[in-house]
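Start from the sequences and build out the full structure, keeping to the hints where you can.
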Amino acid sequence: NAGVMQNPRHLVRRRGQEARLRCSPMKGHSHVYWYRQLPEEGLKFMVYLQKENIIDESGMPKERFSAEFPKEGPSILRIQQVVRGDSAAYFCASSPPVGESSYNEQFFGPGTRLTVL
Amino acid sequence: GENVEQHPSTLSVQEGDSAVIKCTYSDSASNYFPWYKQELGKRPQLIIDIRSNVGEKKDQRIAVTLNKTAKHFSLHITETQPEDSAVYFCAASRGSNDYKLSFGAGTTVTVRA
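Listed in order, the protein sequences are those of chains A and B.
With the working numbering, the residue at position 52 of the first sequence is 112, and numbering never jumps.
With the working numbering, the residue at position 15 of the second sequence is 213, and numbering never jumps.
Rather than coming from a laboratory, the hints here were simulated on the basis of the structure.
Using 25 Å as the maximum straight-line C-alpha spacing, the simulated PhoX-like pairs for lysine-lysine come out as follows:
id, chain 1, residue 1, chain 2, residue 2
1, A, K131, A, K111
2, B, K220, B, K269
3, B, K220, B, K240
4, A, K104, B, K220
5, B, K266, A, K104
6, B, K240, A, K87
7, B, K255, B, K220
8, A, K131, A, K87
9, A, K104, B, K240
10, B, K256, B, K269
11, B, K255, B, K269
12, B, K220, B, K266
13, A, K122, A, K104
14, A, K122, A, K111
15, B, K269, A, K104
So this is what it looks like as structure tokens:
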């Protein structure tokens, strides 16, 4: 059973460009979460999605950031018009459907390290 | 929202000694408390978790305790080994359709050989 997969692992963008980060959850998992980790800091929640639904986006910046989890394919975190402050590691996590666990053991992907020049 | 504080920020122990990391949380509705280990440049890995209906859980050399009244929980690593060197994060969530994890700032553990 493959774990959570993310690509690309490293992404370099110039200011003003767009960044697209992809996350494929573990097989059988229907919940996806995105977290951001600044250098030498903890992880900060950004958004929680289920298939075709955004459940909680309370941690997402109001502008330039968006996320989706379509019926088919991976979850996408999209950052438009990137700025240097967007440089960070972006981690995706997945968890099984609620019925299988009333608590949400979250398993993390390897992360995408975004560098904005 | 939930605020999780973690200390110490760095911890150096002699191989074979114990390491203890403590976290406090602010939201009394939180009921799930996982711990993650993150090696340099790697993904956070779930090492142990505890639910609010128990006060202690143990898995080999790792144990976690929870005091809901005081709103704090701790990670204990016994007989530390060099491979235990990593950054450890505590986290908390409410569960029940509010599954986002609120993380502590992390503890860098160094095990000296």
